[in-house]
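For reference, the chains in residue letters:
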Amino acid sequence: MDTVAFLATGIATAFSGWNFVYVLIGAFVGTWIGMLPGLGPSTGIALLLPLTYGLDPTGGMIMLCGIYFGSMYGGSISSILLNTPGDVSSVITMLDGNPMARRGRGGAALFCAAVASFIGGSVGLVGLTFLAEPIARFALRFGPAEYFALMTFALIATATLMQGAAVKGLMAIVIGLMIATVGIDLQSGAARFTMNSPNLFDGISLIAVIIGLFGISEVFTNIQEIMARRWGKVETVGRLWMEPSEWKRCRFSFLRGSVIGFMVGVVPGAGGAVATLLSYAAERRSSRHPEEFGKGAIEGVAGPEAANNASVGGALIPLFTLGLPGSSATAILLGALMIFGIQPGPHLFTENPDLVWGIIGSLYVANVVLVILNIPFIGIFVRMLMMPGAPLNAIILLLAVTGAYSLNNNVFDIQVALVFGVIGFLLRSAQVPLAPLVLAVALGGGLEQSLRQALSLSDGDPAGLVPSGIAAVFLGLSALLVLLAAILPATRLMSPRNRALRRAAKKEKRPQTQ
Amino acid sequence: MAAFSRIVAMALAVAAGAAAAQAAEPTRVIEIIVGASPGGGFDRTARAIERVLEDGIVGQPINVINQPGAGGAVGLASMNRHPGDMHYISITSPNILTDELRGTSPMTFEALTPIATLVSEYLCFAVHADSDLETAADLVAALKEKPEAIRFGFATTPGNHNHVAFAQLAGAVGFDVMKPKTVIFKGASEAVTALLGRHIDFSIAPAASFAEYVRSGDVKCLAVSAPERLGGALSDVPTWTELGYDVVYGPFRGVIGPQGMEPEQIAFWEDALQKMAATDAWKKEVAENYWTENVKGHDETMTFLATERDRLRASLTDLGLLQ
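Protein chains in written order, with the working numbering: chain A, 1 to 514; chain B, 1001 to 1323.
Because the hints were derived from the structure by calculation, they are not lab data.
Bear in mind that the values here come from a model prediction, so they are computed numbers and not experimental data.
Possibly wrong hints are sitting among the right ones.
To be verified - In silico lysine to any residue, SDA-like type, Cα no more than 20 angstroms apart, as pairs:
{"id": "1", "chain 1": "B", "residue 1": "K1284", "chain 2": "A", "residue 2": "R141"}
{"id": "2", "chain 1": "B", "residue 1": "K1186", "chain 2": "A", "residue 2": "R452"}
{"id": "3", "chain 1": "B", "residue 1": "K1186", "chain 2": "A", "residue 2": "A190"}
{"id": "4", "chain 1": "B", "residue 1": "K1275", "chain 2": "B", "residue 2": "Q1259"}
{"id": "5", "chain 1": "B", "residue 1": "K1179", "chain 2": "B", "residue 2": "G1320"}
{"id": "6", "chain 1": "B", "residue 1": "K1296", "chain 2": "B", "residue 2": "R1311"}
{"id": "7", "chain 1": "B", "residue 1": "K1146", "chain 2": "A", "residue 2": "D459"}
{"id": "8", "chain 1": "B", "residue 1": "K1296", "chain 2": "B", "residue 2": "T1317"}
{"id": "9", "chain 1": "B", "residue 1": "K1186", "chain 2": "A", "residue 2": "F340"}
{"id": "10", "chain 1": "B", "residue 1": "K1179", "chain 2": "A", "residue 2": "V182"}
{"id": "11", "chain 1": "B", "residue 1": "K1186", "chain 2": "A", "residue 2": "R141"}
{"id": "12", "chain 1": "B", "residue 1": "K1179", "chain 2": "A", "residue 2": "R141"}
{"id": "13", "chain 1": "B", "residue 1": "K1186", "chain 2": "A", "residue 2": "L334"}
{"id": "14", "chain 1": "B", "residue 1": "K1296", "chain 2": "B", "residue 2": "E1264"}
{"id": "15", "chain 1": "B", "residue 1": "K1284", "chain 2": "A", "residue 2": "P57"}
Said to hold, decoys possible - Here are some of the chain A residues that sit facing chain B, going by a computed Cβ distance under 8 angstroms:
{"id": "16", "residue": "G143"}
{"id": "17", "residue": "G189"}
{"id": "18", "residue": "A191"}
{"id": "19", "residue": "L240"}
{"id": "20", "residue": "M338"}
{"id": "21", "residue": "I339"}
{"id": "22", "residue": "Q343"}
{"id": "23", "residue": "G345"}
{"id": "24", "residue": "S456"}
Positions of the beta carbon are idealized from the N, C-alpha and C atoms, including for glycine.
Using the sequences plus the hints, can you model the full thing?
Shown next as structure tokens:
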């Protein structure tokens, strides 16, 4: 059978028996889970995994993959409307999605995110269907040195997230990298900054940091506004659909984001954070309105949302072809396969074609279901913006605390979230951008460990950091970006526009939240 | 009067006996607290135990609760907040010994109630299929002649079972365990990725991590650290003992309860777990995971843990991880 025939049977599987119901449940529940502040794809899948144990392997995996896809989309809703992302990959969507919502373009932002998710999801799935075999082994070329080069490139790209004073942006990145050093060091086994608390041995949970910095500090900011009688940030929910000019601006963003997301998704360990970050940087670099980024540029929603969902198809390639999970979400899917009694590995495609193609087929179906399911809801979701302050704050706080607890069933994570809520509020007041901080926390651990792994393998010889073309390309690009920023102050990374942005930011009464 | 008081005393004794008997049997939902995330190795062990036990061995429903953190220490601490309560059990591994030895956890196994040992998970010593190291003898020769040229990688933490097995090989063969370039990966699949991509030359991991790649011809398993050959895809792989090196090591998995459990409660769980180990469903789990059955009751497990701790202390000292 060729690929198309396999895919056809896969889609048939998605519609047979109860499977279609599982697709629907997965997509629907996933969207709602993803929408809750603090619950992203990996937490969502982990949380709902036990519910699928009673199902047959195909049905169970179909439901989990539906949840995976659904929560990817759902994450954009709370980021855009409430400024409270549930996962690091939707932090980027928030940067421009939330300003759009404040301008009365929340409906358009949600619509754009839905379309972008659909296009990205489709590109990722087509890539998974037709390119899985040829590029499966590409992922293996990423060793510690290549991974370090990619992470360096991504860290440099966080510069594009900076708003206002460059020094505050750099401060945010340094704080983020410092947070990432907490915990038992992988290479030496030594405990660093753990204050002898076993709860800190695995480091400070990234998701708890996100819940605190965005969700809980958003509540503080809201309270401040209510007390200053400035509540009611959005006068109107605006028109729900995208304007023709908006379509025109982001048609290529959808495609660029999809391709970037898919390629990054294939690389083990990179995941949604790097995919959305690189897509955002690419959009800002190629846009004719780079000064609008961070203030509600629709491309900033379109590209990263497409990248986010396209990375799912990419991330499933090493999982299905080699049994190697490249992200925390796929790691849980791998565990689920084993619990269902299926041994993932290089034989998965050949020995369980019905299962694998059934999952792929149902992902295609879930992708369509999500669009159909969610576009009619946009009008309802947008009304969240009109909610009075007090109940909204109570709901965000409740969900943030529940979300933090559900990470590890541990009260400690709630404490972390609360502490970072206060830190987030203070940093916002000082106009330190939070997005680069969170991205630095997300990238810091991998960056440090891959550097040390690569140097261990080369006996400390720095040449060991460039063992291959891949590493050379990413390190070269990183160096180029830094040089450009240093030599040409007129380049988009740096000053004049930022100075303009700073002036504009000072005029605004509300502190910048990014 | 004397007769009356005797009757009262007897009634009290009967009541006390009934209470004791009642305490030795679970009366409500049982929680298996897993110190790792859903889908991981510990979680799979717990789910396997849950499935088999619920199937007619224990008369109460069982929930698996995941409380990951600190290599399982967070989950164990949380279980230990229910002293003497047999409704809480957890899965244990050599981590409890190494954490104590390395001072990363204040909890000793004596502070909890080890109930039983179930299986041992023996380890594969693996290289890439295209590696120049064709046999275990080649590996031994390479490690003896030029250990610093070997790139050795494993998951998940220094001084764990994979690392200890390497130290034991070093002791048996006679090379300096500190010489090979050593990198640690976050999870077994990262180590497998690095081996498949030839970023490292050699790795050690539980047999199940490599079995599928041996079957597909991507990885060569040169030897296993088991007392006898393993089954499935690894049935052709020699043991180190066969090759003349005394390397027999595999992390155990067992069941542990909170502090202060009564002998009757321990006996209930020993009995239930023994029944579980005899079922076909459990034997199938054992085979699928390339485990080796190693069933021990409470007393035997206590002795075993004490000797194991001494053995690990020696290995960790060899690895320079303990003074």
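Contradicted hints - numbers only: As far as the earlier hints go, 1, 4, 8, 9, 10, 12, 19 are violated by this structure, in ascending order.
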